[in-house]
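Chains A and B supply the protein sequences, listed in that same order.
So the mapping is simple: our numbering equals the position in the first sequence, first residue as 1, plus 3.
So the mapping is simple: our numbering equals the position in the second sequence, first residue as 1, plus 3.
Since the hints were derived computationally from the structure, they do not count as laboratory data.
Be careful, since some hints might not be right.
Note: identical chains are not told apart, hence a pair may lie in one copy or across any two.
In the SDA-like style, the derived pairs of lysine to any residue whose C-alpha atoms are separated by at most 25 angstroms in a straight line are [unchecked claim]:
| # | residue 1 | residue 2 |
| --- | --- | --- |
| 1 | K266 | Q35 |
| 2 | K65 | D135 |
| 3 | K134 | E66 |
| 4 | K138 | A25 |
Each chain, letter by letter, is given below.
2 protein chains.
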Amino acid sequence: MWMDNDFLQGEMQKVEEQLKKALKTRNKSVQQELTKLQQSGGKRLRPVLTILGGTFGEYSSKEVTALAVAIEIIHMATLIHDDIIDDTKLRRGSETMHTALGNGIAVYTGDFLFSRAFMQIADFAETNLMKDISKGIAYICDGEIDQNEQRYSKSTTFKQYLKRIGGKTAVLFALSLASGAHKAGCNRKMSSKLGVIGKDIGMAFQIIDDILDFTSKECSIGKPAFNDVIQGVYTLPVIYALESKYKKETEQALDMITEDGGKSLREVLEKTDAIDKSRKIAMKYIEKARKKTMELPDAIGKELILNIIDQQISRKF
Amino acid sequence: MWMDNDFLQGEMQKVEEQLKKALKTRNKSVQQELTKLQQSGGKRLRPVLTILGGTFGEYSSKEVTALAVAIEIIHMATLIHDDIIDDTKLRRGSETMHTALGNGIAVYTGDFLFSRAFMQIADFAETNLMKDISKGIAYICDGEIDQNEQRYSKSTTFKQYLKRIGGKTAVLFALSLASGAHKAGCNRKMSSKLGVIGKDIGMAFQIIDDILDFTSKECSIGKPAFNDVIQGVYTLPVIYALESKYKKETEQALDMITEDGGKSLREVLEKTDAIDKSRKIAMKYIEKARKKTMELPDAIGKELILNIIDQQISRKF
Chain A
4 MWMDNDFLQG
14 EMQKVEEQLK
24 KALKTRNKSV
34 QQELTKLQQS
44 GGKRLRPVLT
54 ILGGTFGEYS
64 SKEVTALAVA
74 IEIIHMATLI
84 HDDIIDDTKL
94 RRGSETMHTA
104 LGNGIAVYTG
114 DFLFSRAFMQ
124 IADFAETNLM
134 KDISKGIAYI
144 CDGEIDQNEQ
154 RYSKSTTFKQ
164 YLKRIGGKTA
174 VLFALSLASG
184 AHKAGCNRKM
194 SSKLGVIGKD
204 IGMAFQIIDD
214 ILDFTSKECS
224 IGKPAFNDVI
234 QGVYTLPVIY
244 ALESKYKKET
254 EQALDMITED
264 GGKSLREVLE
274 KTDAIDKSRK
284 IAMKYIEKAR
294 KKTMELPDAI
304 GKELILNIID
314 QQISRKF
Chain B
4 MWMDNDFLQG
14 EMQKVEEQLK
24 KALKTRNKSV
34 QQELTKLQQS
44 GGKRLRPVLT
54 ILGGTFGEYS
64 SKEVTALAVA
74 IEIIHMATLI
84 HDDIIDDTKL
94 RRGSETMHTA
104 LGNGIAVYTG
114 DFLFSRAFMQ
124 IADFAETNLM
134 KDISKGIAYI
144 CDGEIDQNEQ
154 RYSKSTTFKQ
164 YLKRIGGKTA
174 VLFALSLASG
184 AHKAGCNRKM
194 SSKLGVIGKD
204 IGMAFQIIDD
214 ILDFTSKECS
224 IGKPAFNDVI
234 QGVYTLPVIY
244 ALESKYKKET
254 EQALDMITED
264 GGKSLREVLE
274 KTDAIDKSRK
284 IAMKYIEKAR
294 KKTMELPDAI
304 GKELILNIID
314 QQISRKF
């Protein structure tokens, strides 16, 4: 498995150490929450991809890990802000920041993390990379704004869904691989190739994440099942069900989600094969990412990226 | 008056034009709100100070106005986030963004603006300036986090208050003057001198702003009077009253603010001379800023900065 690779483990240890330093703040309760957020871990896929992207060029540990840290901080900032908006109470099994400290502090802590990420990037990056990353964040916000506008909308289309997850998730995956490569001196062509692979991995990742909201138990995913639907975020399985001949039934199931605990929705998703159909779309992205990765030149990162791609298929949390 | 100066008017017109471009976004309702926010104007003190800072070096219109735009965008982003936290319904007489579009979209629009500001800065700034600005935003967030933690606390001290407004307001004023100077090639010493002046102007500005919350009518300040107190943000006049022998009375007045519409609080503030005492502190900062500005070399900015400083004293909104 990719996480057992010695090189990657060594680099990720550096990332964790630098992350700890970068998350230092003088406010005690904020500090406590940030430490908790770091320790609760998560998969760290984005910094891992940044490092792997770097292996396709002249890998410089200091520069690539610093960039990986900045990208993980951006991710953390968006997590904190997302949790406020979605009012997610639990993440990775522990209380979210706005639940613990209130919305106000959570909004500012997210802002604080964005500024920290930029400080970190300004420490070593040229302005071009800066621009790419800023543009990436703007896209992420666009995706989140879309998601917010489409909330509780039963007419969200497949296309709108793809665009939305493209912004809110895939952009940062793309940025991770591409910026790692760029920092290691890869040319524009190679960096964008890796960016496209990152985007496809991100798309697959988010679709599978969305599926898990229907199929997982709270204990494994670290947040309540059906959380998205309850928050009015209708993801691919729901969109498929709404597009089927069971449209009316799906609409009713959505409206009674809190009353019946998702029983009707589970039934209609089964009838419409919506989960399987969604999984197929995720598989398409996985195949695309796989194919393009196979075409890459040899590098430590190549096998590991393939491994990450394959692992998405069997992901349970 | 400083706003009648031809040079400044010309530069500020460029700022407005660039601001309009920088605030473009594909989401229609967000676009509408951003346009409204730009058109509602405000004093634009921060970009004005950036431009004036630039006149102490070799002024380059293109570079300094682009920086001024970035700083105003950062200010707008913090305004949007502040209004969410304080649940301010009106700003400059019109509905705030989260009131119009909901908290979710307002959080992301703030984030979007931060990323836009960084894109703008990355377009022309060197990484050092980038770092200073990122650090500035981190301080602003620190100030806001403090304010949130001190909310409804009747034991907030004078020192805590100064630190808090130093972060939430004065830092960006300092950054405006200093970065403008820096961008125009002033040396570190001159830039920091201007930064200190900016900080003092910012301190005076915020104290006066806080006083106006008690003395203004809704129609002139564009938001309801006593808004701070209602939101649990206890500013200098309240802190003075709480430190006086009328402590108990002040505490009671704070607790009944919504019931009696601020009648008791107004009485206790009068008895304790709290508004006048606060005004004296503002005057101290104004004197300091004045004195240091007088020591500056001749430049278009010198007289205009003095004029801005003096204007603070008589500010009614």
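Hint by hint, here is what the structure shows:
| no. | hint | in the structure |
| --- | --- | --- |
| 1 | K266 with Q35 | neither (38 angstroms within a copy, 41 angstroms between copies) |
| 2 | K65 with D135 | both (20 angstroms within a copy, 22 angstroms between copies) |
| 3 | K134 with E66 | both (17 angstroms within a copy, 16 angstroms between copies) |
| 4 | K138 with A25 | both (22 angstroms within a copy, 12 angstroms between copies) |
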